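S.K.: Below are the chains, spelled out letter by letter.
Protein chains: 2
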Amino acid sequence: MALHKESFIIDGLEISNWSREVFDNMRKGGLTAVNATVAVLENFIKTMDNIAWWHKALEEHADLICQVRTVTDIKRAKEEGKTGIIFGFQNLSPIEDDLDRLATFHRLGVKVMQVTYMEANYAGQGCLERIDAGLTGFGIEAVEEMNRLGILIDLSHVGYRTTMETIEASEKPVALTHANPKSICDHPRNKPDEVLKAVAKKGGVIGATIFPAFLPSGNKSTLKDFVGVIDHLVGMVGIDHVGVGTDFTEGQPREWFDWILTGKSKKGPALALNHPVVNPEGIQHSGDFSNITAALLARGYADTDVKKVIGLNFMRLFGEIW
Amino acid sequence: MALHKESFIIDGLEISNWSREVFDNMRKGGLTAVNATVAVLENFIKTMDNIAWWHKALEEHADLICQVRTVTDIKRAKEEGKTGIIFGFQNLSPIEDDLDRLATFHRLGVKVMQVTYMEANYAGQGCLERIDAGLTGFGIEAVEEMNRLGILIDLSHVGYRTTMETIEASEKPVALTHANPKSICDHPRNKPDEVLKAVAKKGGVIGATIFPAFLPSGNKSTLKDFVGVIDHLVGMVGIDHVGVGTDFTEGQPREWFDWILTGKSKKGPALALNHPVVNPEGIQHSGDFSNITAALLARGYADTDVKKVIGLNFMRLFGEIW
Numbered sequence: 035m036a037l038h039k040e041s042f043i044i045d046g047l048e049i050s051n052w053s054r055e056v057f058d059n060m061r062k063g064g065l066t067a068v069n070a071t072v073a074v075l076e077n078f079i080k081t082m083d084n085i086a087w088w089h090k091a092l093e094e095h096a097d098l099i100c101q102v103r104t105v106t107d108i109k110r111a112k113e114e115g116k117t118g119i120i121f122g123f124q125n126l127s128p129i130e131d132d133l134d135r136l137a138t139f140h141r142l143g144v145k146v147m148q149v150t151y152m153e154a155n156y157a158g159q160g161c162l163e164r165i166d167a168g169l170t171g172f173g174i175e176a177v178e179e180m181n182r183l184g185i186l187i188d189l190s191h192v193g194y195r196t197t198m199e200t201i202e203a204s205e206k207p208v209a210l211t212h213a214n215p216k217s218i219c220d221h222p223r224n225k226p227d228e229v230l231k232a233v234a235k236k237g238g239v240i241g242a243t244i245f246p247a248f249l250p251s252g253n254k255s256t257l258k259d260f261v262g263v264i265d266h267l268v269g270m271v272g273i274d275h276v277g278v279g280t281d282f283t284e285g286q287p288r289e290w291f292d293w294i295l296t297g298k299s300k301k302g303p304a305l306a307l308n309h310p311v312v313n314p315e316g317i318q319h320s321g322d323f324s325n326i327t328a329a330l331l332a333r334g335y336a337d338t339d340v341k342k343v344i345g346l347n348f349m350r351l352f353g354e355i356w
Numbered sequence: 035m036a037l038h039k040e041s042f043i044i045d046g047l048e049i050s051n052w053s054r055e056v057f058d059n060m061r062k063g064g065l066t067a068v069n070a071t072v073a074v075l076e077n078f079i080k081t082m083d084n085i086a087w088w089h090k091a092l093e094e095h096a097d098l099i100c101q102v103r104t105v106t107d108i109k110r111a112k113e114e115g116k117t118g119i120i121f122g123f124q125n126l127s128p129i130e131d132d133l134d135r136l137a138t139f140h141r142l143g144v145k146v147m148q149v150t151y152m153e154a155n156y157a158g159q160g161c162l163e164r165i166d167a168g169l170t171g172f173g174i175e176a177v178e179e180m181n182r183l184g185i186l187i188d189l190s191h192v193g194y195r196t197t198m199e200t201i202e203a204s205e206k207p208v209a210l211t212h213a214n215p216k217s218i219c220d221h222p223r224n225k226p227d228e229v230l231k232a233v234a235k236k237g238g239v240i241g242a243t244i245f246p247a248f249l250p251s252g253n254k255s256t257l258k259d260f261v262g263v264i265d266h267l268v269g270m271v272g273i274d275h276v277g278v279g280t281d282f283t284e285g286q287p288r289e290w291f292d293w294i295l296t297g298k299s300k301k302g303p304a305l306a307l308n309h310p311v312v313n314p315e316g317i318q319h320s321g322d323f324s325n326i327t328a329a330l331l332a333r334g335y336a337d338t339d340v341k342k343v344i345g346l347n348f349m350r351l352f353g354e355i356w
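Going down the list, the protein sequences come from chains H and L.
All letters in the first sequence, in the order written, are residues 35 to 356 by the working numbering.
All letters in the second sequence, in the order written, are residues 35 to 356 by the working numbering.
Rather than coming from a laboratory, the hints here were simulated on the basis of the structure.
Bear in mind that the values here come from a model prediction, so they are computed numbers and not experimental data.
Heads up, some of the hints might be wrong.
Same chains, same names: a pair is fine if it fits in one copy or spans any two.
[Stated by the list, open to error] Subject to a maximum C-alpha distance of 25 angstroms in a straight line, what follows is the list of computed SDA-like cross-link-like pairs (lysine to any residue):
no.	residue 1	residue 2
1	Lys301	Ile201
2	Lys301	Thr338
3	Lys39	Gly316
4	Lys301	Phe78
5	Lys300	Gly184
6	Lys112	Asp97
7	Lys300	Glu130
8	Lys300	Asp131
9	Lys62	Thr106
10	Lys39	Ala329
11	Lys236	Pro226
12	Lys206	His95
13	Lys301	Leu162
Produce the complete structure using the sequences and hints provided.
M.R.: Pasting the structure below:
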């Protein structure tokens, strides 16, 4: 499709089992850049191991992918027909107890960081944590330092109070790279309207996600349901603040889902998932990304609006922060 | 003094700049056992380094000190005229994100662990943290595991809600190894009556501390002021729940105080201290410990009650937990 081919296509978040097959699918789907999760529960050393893996992968698959640190890099990726990889954290666990490591990871190209994953960390509380109290002193300083360095702050998995306090504390726009409205699907990982509106008001972007547990029909969801989420978000916060953050988990085994949902607990997953996780028909992996573009056009979105949702809104946000 | 010589003398907490001079003073003061801080802000690796240091020190100064893991070990230390060293943590930072490390450190002889230091950690919030919300899910599991292993839980630096929830969550008695009543000196590190009473009701022990900032006259405090704290505590919770936890910081330089009061922040100490820290006259280091015994006798305490305060109460608690 011509519109898809000429557009900048950005996926706000993927956390796949990275492999040549996944990178191939990104190319098939025409993705210009992806916020690729480099750490989700990992500590400093394990994250450094992951980054070392990525450095090898970026060499080995240089025909398909390239690292992205700036919007100029994204434009170059587009010209060269590659998918730009944006290193992203879904947790501040990689910096452990040392705020200076934010700068270290930033130098290594980590341009998006989520304040917390599901549980509490040193900065604040995640959306499945038993307490919900807001940013710690460490968290306040982390927000300041991410602002200073130019790291995009992500709040997708963050608890309500920590989210609201981060929006207030941040001098720069923030993102929900992959989250849906609670008003469409009442799940602890989805966001109340108040949060969605506050992120938009701050100038941020909300990436609608295809992860089936966050859609009203779960594993039986369709591409139409997903476009319904986009419609709902656009109606609530306007066309300039909505993007796509698929949360693709391509190739991840069941044990991996157990791991990310268990976190630091020894008691097993904090959340029950229907296994296997079945993505909506028509949008099962990055290779299907053009179907989103087609569905938005079919839904009656103008070309310029489609371009915003499938990439330009995240591009604008990256440009403002980086 | 005969009573001091025959008694078990236990210091609920010391965090000195460990050296032969300090160990010598412990012997001069007649200390049978000390909860010696092995980690306060350290992570896993740094704590392991500290423990390795202790293993060398225990060999090198075997004429003065020995490691204590059980009440039998304390009795043996007394017989041999040595001071028993109880490894203690003032933070759960050493286990980082892994509850299994509680068992590892327990095997290494760490028999007392504080839930948090001043700030938030993965388990809960400290008394200087900007939020006060209670135990995290990780914290709840940590309490269960410390109960199971037989590690004494310390709440001296812990925030109010995390303290109250720990008392409720713990199946075993807990300690305030070194804390004074807020009603005598209104300092964020001192404890409201509600907390002191709850610890006693749980069967725990409160170690009155000589740290000058926690005494009403600060650096101008006297041994008499300290005995006043013991009087106040005994009046509130009864003679069976009061001990001594000096919080001696013998030989610690000013930079060390800055370090422990700065924690993970990059903004400097969270609390202003009057430097140099001057301990009350008559009880400036462990070598002066017998002065406490003398002062309690002079204050009119019965021999059996003095023995409880200077050692037997902590002995009883150790016996119940270990």
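S.K.: Each hint needs a verdict: does it hold in this structure or not?
M.R.: Cross-check of the supplied hints:
1. Lys301 with Ile201: between (32 angstroms within a copy, 22 angstroms between copies)
2. Lys301 with Thr338: Answer is neither: 48 angstroms inside a copy and 46 angstroms across each miss the 25 angstroms cutoff.
3. Lys39 with Gly316: within (18 angstroms within a copy, 82 angstroms between copies)
4. Lys301 with Phe78: both (24 angstroms within a copy, 22 angstroms between copies)
5. Lys300 with Gly184: between (36 angstroms within a copy, 18 angstroms between copies)
6. Lys112 with Asp97: within (13 angstroms within a copy, 73 angstroms between copies)
7. Lys300 with Glu130: Answer is both; intra-copy 20 angstroms and inter-copy 14 angstroms each pass.
8. Lys300 with Asp131: both (22 angstroms within a copy, 11 angstroms between copies)
9. Lys62 with Thr106: within (22 angstroms within a copy, 70 angstroms between copies)
10. Lys39 with Ala329: within (15 angstroms within a copy, 86 angstroms between copies)
11. Lys236 with Pro226: Answer is within: at 16 angstroms inside a copy they meet the 25 angstroms cutoff, but 41 angstroms across does not.
12. Lys206 with His95: Answer is neither: 34 angstroms inside a copy and 56 angstroms across each miss the 25 angstroms cutoff.
13. Lys301 with Leu162: Within one copy only: 14 angstroms inside a chain, 30 angstroms across chains, cut-off 25 angstroms.
Against the hints set out earlier in the document, violations occur for numbers 2 and 12.
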